[in-house]
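Given next are the chains, with one letter for each unit.
There are 2 protein chains.
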Amino acid sequence: MDAHKQLTIGLFGFGVVGEGLYKVLQQTPSLKATLKKVCIKNPEKKRNAPADLFTTDKNILLNDPEINVIVEVIDDADAAFKIVSKALKNKKDVVSASKKMIAEHLPALLKLQEETGHSLLYESAACASIPVIRNLEEYYDNDLLHSIKAIVNGSTNFILTKMFEDKLDFRDALLLAQQLGFAESNPKLDVEGYDANNKWTFLLTHAYGIIESPENLLFSGIQNISADDARVAKEKNFDIKLVAQAKKLNNGKVAAFVLPQFIKHDDHLAFVKNEYNGVVIESGFADKQFFYGKGAGSFPTASAVLSDISALRYQYKYEYKKLYHHKPHELGDDFYLRVYVSFDDLKFVPREKFEWIEEWHAGEQKKYLVGVISYKELKDNNWWRKHNTSLILFPDPVIENVEIRGLKKKSLELAGLI
Amino acid sequence: MDAHKQLTIGLFGFGVVGEGLYKVLQQTPSLKATLKKVCIKNPEKKRNAPADLFTTDKNILLNDPEINVIVEVIDDADAAFKIVSKALKNKKDVVSASKKMIAEHLPALLKLQEETGHSLLYESAACASIPVIRNLEEYYDNDLLHSIKAIVNGSTNFILTKMFEDKLDFRDALLLAQQLGFAESNPKLDVEGYDANNKWTFLLTHAYGIIESPENLLFSGIQNISADDARVAKEKNFDIKLVAQAKKLNNGKVAAFVLPQFIKHDDHLAFVKNEYNGVVIESGFADKQFFYGKGAGSFPTASAVLSDISALRYQYKYEYKKLYHHKPHELGDDFYLRVYVSFDDLKFVPREKFEWIEEWHAGEQKKYLVGVISYKELKDNNWWRKHNTSLILFPDPVIENVEIRGLKKKSLELAGLI
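If you read the protein sequences in the order shown, they are chains S and P.
Counting from 97, one number per residue, gives the positions in the first sequence under the working numbering.
Counting from 97, one number per residue, gives the positions in the second sequence under the working numbering.
Be aware that a few hints might be false.
Copies of the same chain look alike in the list, so a pair counts if it fits in one copy or across any two.
As the list claims (entries may be wrong) - Subject to a maximum C-alpha distance of 30 Å in a straight line, what follows is the list of computed BS3-like cross-link-like pairs (lysine-lysine):
1. K263 with K384
2. K330 with K443
3. K119 with K384
4. K182 with K384
5. K417 with K133
6. K128 with K384
7. K423 with K128
8. K475 with K284
9. K413 with K187
10. K141 with K472
11. K207 with K449
Calculated from the structure, these hints are not laboratory results.
With the hints as extra help, turn the sequences into a complete structure.
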């Protein structure tokens with residue numbers, strides 16, 4: 097009665113994830129999947145596997161009719177896209193872990209999946225061991241997903257945890273993350289939010305049917321967060337996390353961004369420390385759900401790749417329900433954000449751009465304000481990224497109507513700031 | 097390219113879950129599943145659906161060749177088993193939410209699935225909106241699952257939360273749970289641990305391939321937990337939760353039980369309050385994962401039923417990997433538990449049965465001790481369930497080797513207790 101497809105795998109990449117997968121496959125004979133060939137870039141490097149498993153010729157894998165699954169875990173988005181495209185065209189199912197490639201090429205990848213009818217799975221590309229994509233596909237319906245917020249980058253979360261709990265400064269915390277293998281090869285990708293934003297790009301597709309280029313999303317990393325910001329957060333009983341967030345607005349559009357955020361101690365995300373990831377989903381039927389697990393590392397990533405391979409045995413495909421079976425959502429820009437902004441000198445902060453300012457601190461240490469500002473202002477201008485200025489969202493940052501406060505700019509005037 | 101099976105559903109039961117499902121189905125047209133007929137027991141009752149949808153004759157559903165999916169959400173385990181058996185034999189796939197039925201009839205249900213080749217899914221039967229069964233099936237391999245601990249009963253968790261946070265006494269908290277619809281129709285099933293134990297019975301099958309009758313597991317509920325116990329827990333900085341737990345022992349067997357437990361404030365399960373459920377899984381590859389969500393209520397349960405229906409479109413079946421593709425694990429009994437026992441009178445507690453006693457309090461309020469006792473002693477004897485005695489596990493309660501302490505019974509003697 098076993099109607100499962102026999103899987104013969106061609107693997108691209110034998111770095112930490114590729115080798116992790118090789119080991120995991122050896123330890124799970126129940127999968128009955130055969131690893132036939134591994135394509136690598138550097139044939140000179142010593143590998144912990146038989147030499148005849150390896151080749152440097154990608155076509156040996158892509159043109160082998162016996163190989164019906166291509167698994168791609170390489171660290172080069174452009175090369176990965178070529179491999180994945182060719183594999184789908186050659187009638188193979190594909191498992192990929194390349195978040196950057198998926199984020200940048202999603203429209204083309206969707207088209208290829210439609211044209212070829214073959215499956216592309218990439219659970220490991222977001223939150224590694226947390227089955228967030230599969231859950232968004234299977235457990236939520238578009239009309240019902242009120243909001244989703246997540247910590248999707250283990251490296252920045254590790255750095256922030258070490259800054260908060262062990263009082264390490266930013267550089268030392270980053271170095272430690274790199275030594276432990278939690279950081280991307282280029283730390284800028286993690287630290288400046290590119291990696292989190294890439295993941296958020298395609299998670300928005302599975303959550304809301306939104307297709308956007310990563311550069312069109314509002315995002316930032318943690319590069320400007322200082323010990324002073326951490327001190328203020330502590331005073332206010334908050335942690336600081338880099339949070340990817342999306343929320344359905346009253347106008348039917350979706351507010352989405354990836355920004356540092358103050359997190360209350362009783363928030364689910366406060367629980368997510370070190371290299372872990374976490375996802376909080378609020379929906380109409382299932383109410384609030386929270387998923388937590390390792391978001392990086394060779395084995396957690398390999399185990400997610402393995403779960404995708406396992407799903408291919410019963411011809412599992414992402415349905416992109418929110419995209420194809422519903423009217424897809426659009427990104428909204430008509431909303432406001434409650435923010436903390438710290439700065440060296442007030443002249444770097446355009447006070448008149450704020451709807452109102454709630455707090456104002458100009459002590460001897462770094463100065464800061466708390467106020468409400470429009471999303472468009474942050475999206476269109478860069479002052480908050482420059483001159484050592486840092487911007488951190490408040491909990492529940494999205495404000496849809498600033499008029500109801502009746503305070504628009506009033507408090508600014510009262511404070512003599514404009 | 098849509099190779100999905102068209103689903104025509106026959107539904108048994110139109111209580112809170114059945115009606116919830118009816119509403120959820122109406123709100124998710126993307127599923128393209130048709131609800132053809134609903135079988136109910138009481139035709140007189142007013143229903144919020146067209147009258148011609150209903151029948152009291154189960155054979156109208158079970159013998160309809162057009163109906164290819166039977167969904168069963170009735171509150172009668174024996175009737176449910178007959179319906180599910182007949183449906184599978186009649187070549188229909190089945191979705192069930194009846195934990196008691198599944199726990200009590202699992203061997204027969206496994207056989208029926210094998211013989212008929214049809215699928216029986218029951219994600220909603222454990223932790224409702226948390227996809228725990230699917231994750232155990234898809235994301236974990238037998239050799240790698242170190243431990244799993246979970247809050248699987250929302251009703252008792254709600255009661256304990258209200259006792260701790262709002263200082264309600266047990267009766268008032270139970271009443272509130274019933275008013276809010278979190279409790280089973282027979283509160284004994286929740287409060288005395290039967291419901292949690294039923295769920296644990298089949299979760300052990302998916303986690304470890306263990307098949308046991310529910311009555312063979314060591315379990316208890318929260319019926320004997322008093323305000324005094326809550327006070328002691330608070331002093332020790334613990335919460336009290338009813339925790340279902342399983343842990344791989346060094347001898348390859350599995351320790352498993354459902355008992356009240358002290359929970360540290362930084363434990364994942366401390367986060368699980370009110371009617372929520374939570375599952376913490378520790379494994380070799382994915383490391384530690386935590387799933388959290390609503391474990392009861394009409395919509396969370398209906399949404400889990402819906403996800404099972406959705407999975408039937410691509411012929412999804414539980415593979416019971418740990419049972420069929422591995423050497424299944426056995427329950428172990430050769431281990432010890434670190435326990436808190438409170439009692440009215442020392443004469444009700446067989447001190448000589450303890451390996452050692454670490455704490456001893458005989459104040460004016462309820463007396464208690466903390467000690468280590470063998471699993472077999474608790475399994476085989478009932479003194480700890482009687483005379484107002486309550487037993488609560490300590491965090492990390494499983495101790496495999498009591499000899500290493502070199503203290504066996506020594507401290508008891510020293511304390512003059514034996």
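Evaluation of the provided hints:
{"no.": "1", "hint": "K263 with K384", "verdict": "between (33 Å within a copy, 25 Å between copies)"}
{"no.": "2", "hint": "K330 with K443", "verdict": "within (26 Å within a copy, 51 Å between copies)"}
{"no.": "3", "hint": "K119 with K384", "verdict": "between (36 Å within a copy, 19 Å between copies)"}
{"no.": "4", "hint": "K182 with K384", "verdict": "neither (40 Å within a copy, 36 Å between copies)"}
{"no.": "5", "hint": "K417 with K133", "verdict": "between (34 Å within a copy, 26 Å between copies)"}
{"no.": "6", "hint": "K128 with K384", "verdict": "between (37 Å within a copy, 26 Å between copies)"}
{"no.": "7", "hint": "K423 with K128", "verdict": "between (40 Å within a copy, 16 Å between copies)"}
{"no.": "8", "hint": "K475 with K284", "verdict": "within (20 Å within a copy, 57 Å between copies)"}
{"no.": "9", "hint": "K413 with K187", "verdict": "both (14 Å within a copy, 25 Å between copies)"}
{"no.": "10", "hint": "K141 with K472", "verdict": "neither (49 Å within a copy, 55 Å between copies)"}
{"no.": "11", "hint": "K207 with K449", "verdict": "neither (42 Å within a copy, 69 Å between copies)"}
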